[in-house]
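Asker: Kindly generate the complete structure, drawing on both the sequences and the hints.
Spelled out from the first residue to the last, the chains are:
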Amino acid sequence: MRYQKMFAEKKQLNELAYVPFVLLGDPSYLQSFKIIQTLIDNGADALELGFAFSDPVADGPVIQEASLRPLANDFNVQDGFKLLKEVRGHYPDIPIGLLTYANLVFAQGIEQYYRMAQEAGVDSVLIADCPVEEGGLFTAVASQYSIDTVFIAPPDASDETLALVANNSKGYTYVLSRKGITGTEVSATQANSDFLSKLKSFDSAPLVQGFGISTVEHVYQAAEAGVDGVITGSALVKLINQYYNEPKIMLDEIAQYAKTMAEAAHQAQTINQ
Amino acid sequence: MTQVTSKQFEYDGAYIGQYGGQFVPQILMPALQQLEQAFENSIIDKQFKSKLNHLLDQYAGRPTPLTECSSFAVKENVRVFLKREDLLHGGAHKTNQVLAQALLAKQMGKRRIIAETGAGQHGVATALASALLGLEATIYMGAKDIDRQAPNVFRMKLMGAKVIPVDNGSGSLKDAINEALRDWAASYDDTHYLLGTAAGPHPFPKMVKHFQKVIGEEAKQQILEQVGKLPDAVIACVGGGSNAIGIFADFIKEDSVRLIGVEPAGKGLDSKQHGATLLKGTEGIIHGARTQTLQTKDGQIQESHSVSAGLDYPAVGPEHVHLMQTGRAQYVGVTDEEALEAFQELSRTEGIIPALESSHALAYAKKLANSADKPMNIIVNLSGRGDKDLAMVMDTITSQGAY
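Residue numbers (the working numbering), protein chains in the order written: chain Y, 35 to 307; chain E, 12 to 414.
By construction, these hints were calculated from the structure, which means they are not laboratory data.
Some clues are possibly wrong.
In silico PhoX-like cross-links for lysine-lysine, where the CA-CA straight-line distance does not exceed 25 angstroms [stated by the list, open to error]:
id: 1; chain 1: E; residue 1: K291; chain 2: E; residue 2: K155
id: 2; chain 1: E; residue 1: K308; chain 2: Y; residue 2: K119
id: 3; chain 1: E; residue 1: K378; chain 2: E; residue 2: K240
id: 4; chain 1: E; residue 1: K291; chain 2: E; residue 2: K378
id: 5; chain 1: Y; residue 1: K45; chain 2: Y; residue 2: K234
id: 6; chain 1: Y; residue 1: K116; chain 2: E; residue 2: K308
What follows is a set of in silico ranges between Cβ atoms, one per label pair, in the way DEER data are often shown [said to hold, decoys possible]:
id: 7; chain 1: Y; residue 1: Y179; chain 2: E; residue 2: G120; range: 42 to 50 angstroms
id: 8; chain 1: E; residue 1: D23; chain 2: Y; residue 2: S180; range: 28 to 36 angstroms
id: 9; chain 1: E; residue 1: Q69; chain 2: Y; residue 2: Y179; range: 55 to 63 angstroms
id: 10; chain 1: E; residue 1: G171; chain 2: Y; residue 2: N279; range: 41 to 49 angstroms
id: 11; chain 1: Y; residue 1: Y179; chain 2: E; residue 2: Y70; range: 54 to 62 angstroms
id: 12; chain 1: Y; residue 1: K234; chain 2: E; residue 2: F165; range: 50 to 58 angstroms
Output of the computed footprint for chain Y on chain E, the stretches with three or more beta carbons under 8 angstroms from beta carbons of chain Y [as the list claims (entries may be wrong)]:
id: 13; segment: 33 to 40
id: 14; segment: 174 to 185
All values reported here derive from a predicted model rather than from experimental measurement.
For each residue, glycine too, the CB sits at the ideal point set by N, CA and C.
Answerer: In structure tokens:
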């Protein structure tokens, strides 16, 4: 229910939700916790947290590079859930979404994975390489453990697919305005408002846009198109790639960036008017 | 031997048994759906079939012979036959399905082809088909493989393909597939991903099998002509599994024929350095399919190892998992060393230099022949020729002081 509550509040305030993404355990357990604290302290409305995978086909070079650090440190699934539990302990209300790959869920045993997610206080799981057409393998177990399953609505999907996504995505719907993989190399474009209104007409959960969002302008465009929130991943992770050896600078840079983007998300509706 | 029931070995939608599926980012689903539609149409499209058959016969050189060995692995009452895919244009079986997919790409209105390659054989096949049909080709190849397969890299470039080295991950075939999938996620409007093996998301395993089954259909007819009966065993090497599924396909419903897939045991099945996904892997989801893979307890995909780049892949086509689980096919391992021996022995005894990949199948054929206690006819899929491996094998055996 954390997503519903948060989105309702945002709506009342006429604000977009700001949802930052980082990898769990990057660059270390301790620093990862501090990064998450910094993001929340600087205006994050929800968190999207990733598990590093050896073969991240949906990710561009920035997140690929970052993924190597938790893997090299043997930061495993148990460590990830321990860290999540700790975050939840400090922040009982913030919605927490996991972004992972199908094999990481499968390898634990699907049931065991969602049980751990529930115990850690996770609200949603998005599996980057599981389209809604294959979602059945996971969704029934997920809802048994009160975990929302999030699906992605790509820009050129057929009406049939959009309806499927809208009907199955719980918590929020992750919308893309462009094709491709994660990364800032290709910027987000303004989402087609026809596409967004179709999703709304199918009673979609709140729409959160990701992929290629890195600047304040992108956030304003997203607001204008009519989404309910924005995700920034690679732009943030790039800062970790750059400064992970200098934790203080890293946290300062992250604080500054998150603050700028959160403010943009919170003011975008007002400014666009 | 399990009872072969009619539906047990057919695809049900995206799945064969419980394996397969389409575990890809949502963004790729339209591309897979378009491809599936085009593929299903092509099966009943007479014009497509006649165009493809024309290319296979007049350009690629089908049918390929079934050559009986004069002495390799031969002993009293044991006859060994080689299905000569090494003689196909391009030097390996890859050309069969590449021509088919390239034609499909044209029909779908694509102008650009992307592909991954390990040993470079699939890259070469993709480059030649693209050159022939006027398509732009970009080949992703692991940086490690570029080093060990230099002649094939040059071949691809000569035929106008762009070869992009992939440095991330283990720098081999699996990483090249990741990179091709990433390219495709942005480019599918005008680009076809010409996947090179019977793995990956549906419809690739089913489609690649369909376009490779000509190997087994020919072999069956040829052995019936030459021997007058079905073979006792059909042996093929398995990396992703396309040459194996191609030669197995027409024999799956022939209960009496043993189907044997040979995996790369590298430095030994009990070492950490092998590519024996079926024998030593566990069930997982990788490169779009529920299949078997080499992975850690946490589900991170591990690097494989094989002396042959074409078998150096930590996953496998889903149908092979199904064939193993149902007991219809048997899978065994052959080490780098055994493959290198077979490579040299076939050269010496038959005057045929086999690919290191196919040498794995040859090595097992020899073992099987040696242990035979009754008359036996064996078909080995000689899936490719060994020219591409010469530099590597020369280095290895001169360092052992053999020559």
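Asker: Please go over all the hints and tell whether each is borne out by the structure.
Answerer: Against the structure, the hints come out as follows:
no.: 1; hint: E/K291 with E/K155; verdict: 24 angstroms, holds
no.: 2; hint: E/K308 with Y/K119; verdict: 22 angstroms, holds
no.: 3; hint: E/K378 with E/K240; verdict: 23 angstroms, holds
no.: 4; hint: E/K291 with E/K378; verdict: 21 angstroms, holds
no.: 5; hint: Y/K45 with Y/K234; verdict: 15 angstroms, holds
no.: 6; hint: Y/K116 with E/K308; verdict: 18 angstroms, holds
no.: 7; hint: Y/Y179 with E/G120: 42 to 50 angstroms; verdict: 45 angstroms, holds
no.: 8; hint: E/D23 with Y/S180: 28 to 36 angstroms; verdict: 32 angstroms, holds
no.: 9; hint: E/Q69 with Y/Y179: 55 to 63 angstroms; verdict: 60 angstroms, holds
no.: 10; hint: E/G171 with Y/N279: 41 to 49 angstroms; verdict: 44 angstroms, holds
no.: 11; hint: Y/Y179 with E/Y70: 54 to 62 angstroms; verdict: 56 angstroms, holds
no.: 12; hint: Y/K234 with E/F165: 50 to 58 angstroms; verdict: 55 angstroms, holds
no.: 13; hint: 33 to 40; verdict: holds (count 8)
no.: 14; hint: 174 to 185; verdict: holds (count 3)
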